[in-house]
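Chains A and B, in that order, give the protein sequences. Taken in order, the first sequence gives residues 1 to 300; the numbers are from our numbering. Taken in order, the second sequence gives residues 301 to 600; the numbers are from our numbering.
In short, the hints are calculated from the structure, not lab data. Treat the hints with caution; some may be incorrect.
[Claimed, not checked] Pairwise CB distance ranges, derived in the manner of DEER restraints: (1) B:375 to A:131: 54 to 60 Å; (2) A:71 to B:516: 27 to 33 Å; (3) A:139 to B:496: 43 to 49 Å; (4) B:523 to A:67: 33 to 39 Å.
[What the hints assert, rightly or not] EDC-like cross-link-like pairs, simulated, lysine to aspartate or glutamate; straight-line CA separation at most 16 Å: (5) B:518 to A:222; (6) A:219 to B:341; (7) B:320 to B:353.
The beta-carbon is built from N, C-alpha and C at its ideal position, and this holds for glycine as well.
There are 2 protein chains.
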Amino acid sequence: MLLLFVFNGHSFSSKMVKLKIPDHQVAGHQAKTGIIGPLIDDSGKFYKPLQDDERGSNELAFYTSLYSDPRIPSNILKFFPSFHGTEVVDASDGSGLHPHIVLEDIVSNYTNPSVADIKIGSRTWHPQSSEDYIRKCLQKDRETSTIKLGFRISGLRSMGPTNQLWQPHRKVLMDLSAEDAMLILRKFVSSDGNVDEPDCVFASRVFVHVLEELLELKKWFEVQTIFHFCSCSILVVYDKEEIEAKKSARAVVKLIDFAHVVDAKGAIDHNFLGGLCSLIKFVKDILAGLSDVETSNPKP
Amino acid sequence: MLLLFVFNGHSFSSKMVKLKIPDHQVAGHQAKTGIIGPLIDDSGKFYKPLQDDERGSNELAFYTSLYSDPRIPSNILKFFPSFHGTEVVDASDGSGLHPHIVLEDIVSNYTNPSVADIKIGSRTWHPQSSEDYIRKCLQKDRETSTIKLGFRISGLRSMGPTNQLWQPHRKVLMDLSAEDAMLILRKFVSSDGNVDEPDCVFASRVFVHVLEELLELKKWFEVQTIFHFCSCSILVVYDKEEIEAKKSARAVVKLIDFAHVVDAKGAIDHNFLGGLCSLIKFVKDILAGLSDVETSNPKP
Chain A
1 MLLLFVFNGH SFSSKMVKLK IPDHQVAGHQ AKTGIIGPLI DDSGKFYKPL
51 QDDERGSNEL AFYTSLYSDP RIPSNILKFF PSFHGTEVVD ASDGSGLHPH
101 IVLEDIVSNY TNPSVADIKI GSRTWHPQSS EDYIRKCLQK DRETSTIKLG
151 FRISGLRSMG PTNQLWQPHR KVLMDLSAED AMLILRKFVS SDGNVDEPDC
201 VFASRVFVHV LEELLELKKW FEVQTIFHFC SCSILVVYDK EEIEAKKSAR
251 AVVKLIDFAH VVDAKGAIDH NFLGGLCSLI KFVKDILAGL SDVETSNPKP
Chain B
301 MLLLFVFNGH SFSSKMVKLK IPDHQVAGHQ AKTGIIGPLI DDSGKFYKPL
351 QDDERGSNEL AFYTSLYSDP RIPSNILKFF PSFHGTEVVD ASDGSGLHPH
401 IVLEDIVSNY TNPSVADIKI GSRTWHPQSS EDYIRKCLQK DRETSTIKLG
451 FRISGLRSMG PTNQLWQPHR KVLMDLSAED AMLILRKFVS SDGNVDEPDC
501 VFASRVFVHV LEELLELKKW FEVQTIFHFC SCSILVVYDK EEIEAKKSAR
551 AVVKLIDFAH VVDAKGAIDH NFLGGLCSLI KFVKDILAGL SDVETSNPKP
C-alpha cells in the first residue's frame with residue numbers, strides 16, 4: 001500500500017515496512033531511549049528519521065545529489081552509505097508516521113560487529129550556524145577531545161569472539177587525552193576490551209586496511225573544494241569472528257552524518273583534514289607498536 | 301657597556317646598540333604607530349619586545365629550548381629564525397629600557413623584499429587560554445578568513461622591480477573569500493600588485509620553491525606531537541630584482557610568532573596542519589594555472 005504524506009512542506013510516499021530498533025548503534029539519537037531514533041529492516045536498510053529543521057533538509061539534499069555529482073571521484077563514493085530515497089514509516093517513539101532517509105545499514109552483514117563512531121574535526125560547527133548552535137557546539141568541542149585531538153570518539157563497541165561485549169559509556173569517552181584515546185583504539189582491536197592490557201590481536205588485520213582507507217580519504221580531502229563536512233563521523237566496522245575465519249574479511253570505513261555539510265566555497269576542508277590526519281597518526285602508531293609476532297604485515 | 305636589568309622577575313643584560321624601526325614589517329605590533337614594536341640593527345638582528353605577560357615568557361622559553369631540543373629534526377630547524385638571546389634596549393615608544401628577544405632579521409638581506417605574513421590554522425587560541433582571550437580570538441577568527449580558509453593573510457607587501465609598492469590595507473585583508481585570497485597571492489608574485497590582472501611572472505620562480513618548503517613542513521606536521529603552534533605565522537620573503545638577476549635566488553619560508561605555542565600532549569597539531577594544507581592547495585592551484593610560457597618548471 002502506498003500513501004502520500006506531507007512533512008515540512010514536502011510530500012513523501014509511505015510504505016508499510018516491518019522495522020526494528022538497531023542493536024549495534026553506538027552514537028547519535030537512539031530509539032532505545034524512547035526518543036525518535038533510527039530503525040532497520042530485514043533487507044539491510046537503515047531508516048534515519050528526517051529532522052524537521054534545516055539539518056534534515058540539508059542531509060536529504062546531500063544524499064539526493066551525491067550519487068549523481070560528477071565532482072565526486074568513483075573511488076570516494078564507496079565511503080558513503082548507499083541511499084535509497086525517503087520513506088514515511090512509523091516513528092520509533094510511537095508518535096506516528098514520520099519521513100525517514102533510507103540508507104544502507106552498514107552493520108547488517110555482521111553477526112557481532114565491533115563498531116567505532118569517530119566524529120572528525122576540531123570544530124563541529126560552521127560560521128553560518130546560529131549563535132546558539134555555535135555556543136552549544138563550542139562548549140561540547142571544548143569538553144570533549146575534539147579540540148585537543150581533532151576528533152572525538154562518539155561511541156564504540158567491541159564484541160569479542162566469545163561474545164565479551166565492551167562498550168564504554170559515553171561519559172568515559174567524553175574528555176579523552178591522547179593516551180586515553182590510544183588505549184581505547186587499541187582495545188577496539190583486541191580480543192577483550194574489558195582488560196587493562198589489550199592484546200591488540202586484531203590490530204594488524206583491522207588497522208592495516210583501515211589505514212589504507214583513511215589515506216585514500218586523506219588524498220581526496222587534500223584537494224576537494226566541494227564540501228566542508230562539519231560534525232561528520234567516520235564509522236569503522238568489523239567482525240572479529242569473521243576476521244578470524246576468513247582471510248578476505250576486512251574492516252569497513254564509512255563516512256556518516258551529513259546534516260552539517262556546507263559548500264566549501266573554494267577552500268579545502270582543512271578542519272576535517274586536520275582531524276583525519278590526527279586519527280591516521282593514532283592508527284599508524286598502534287600499528288608501529290605491534291611486535292612482529294602480532295603482525296604478519298610489514299610495518300607501515 | 302653592560303648593565304643588569306630586572307623585568308618581570310627576571311634579570312637581563314643591557315647593551316648599548318643603535319637600533320631603528322624596520323621598514324618592511326607587514327603585520328604584528330608596529331613601532332611606527334607609536335606603540336612598542338620591534339627594532340632592527342645594522343647587523344641583521346631583529347629585536348622583538350618581550351611581552352610582559354605569559355606570552356613573552358612563553359615565546360622566550362620556546363626559543364631558548366628550541367635549538368637544543370633533540371626532538372626537532374635538523375631539516376626543520378631552518379624554518380625558525382635564529383635566536384640570539386635577550387637584550388635590554390631602549391623601547392621603540394620612548395618608554396625607556398625594555399627587554400627584547402633578539403632574533404635573525406629575516407628580511408635584512410633584501411633591498412626591496414616582498415613579504416607575506418600568513419597566520420596558519422582555523423583556530424588561533426588553545427583551550428588553556430583565558431575565557432576573555434578565547435572570546436576575542438574567536439571573534440577575530442570568525443571576522444577574518446581564518447575559519448573559512450584555515451589561514452589569514454595578516455600582512456603583505458609586494459615590491460615591484462621598478463619600485464611599485466603594493467601593500468593592501470589590513471582592512472582589505474580582513475575577510476577574504478577563497479577567490480580574494482587567490483587573487484592576493486597571485487598579485488604577490490606579479491610584477492605589479494596594483495593592477496587587476498596580475499601577470500604572475502614571479503609565480504613559478506617563487507612558488508615552486510615555496511611549495512617544496514611547505515611540503516617539507518607538512519611532512520613534519522603529520523607526525524610531530526611536540527608542539528601545537530597556535531597563532532603562529534608563515535613568513536614568505538623574496539626580492540624581485542634578485543630573482544630576476546640571479547638564477548640561484550629563492551624565496552625564504554619561515555615560521556614566526558611563538559607566544560601561543562603549547563605542549564602537544566600526544567596529538568599532532570591538526571589545526572596548523574589543516575591550515576597548512578589549505579595554503580598548499582592555493583599555491584598548487586596558482587602554479588597549475590600558469591601557462592607554459594610563464595613557467596620553465598614542470599607543473600606540480
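Going through the hints against the structure:
no. : hint                       : verdict
1   : B:375 to A:131: 54 to 60 Å : violated (45 Å)
2   : A:71 to B:516: 27 to 33 Å  : holds (30 Å)
3   : A:139 to B:496: 43 to 49 Å : holds (44 Å)
4   : B:523 to A:67: 33 to 39 Å  : holds (36 Å)
5   : B:518 to A:222             : holds (12 Å)
6   : A:219 to B:341             : violated (46 Å)
7   : B:320 to B:353             : violated (25 Å)
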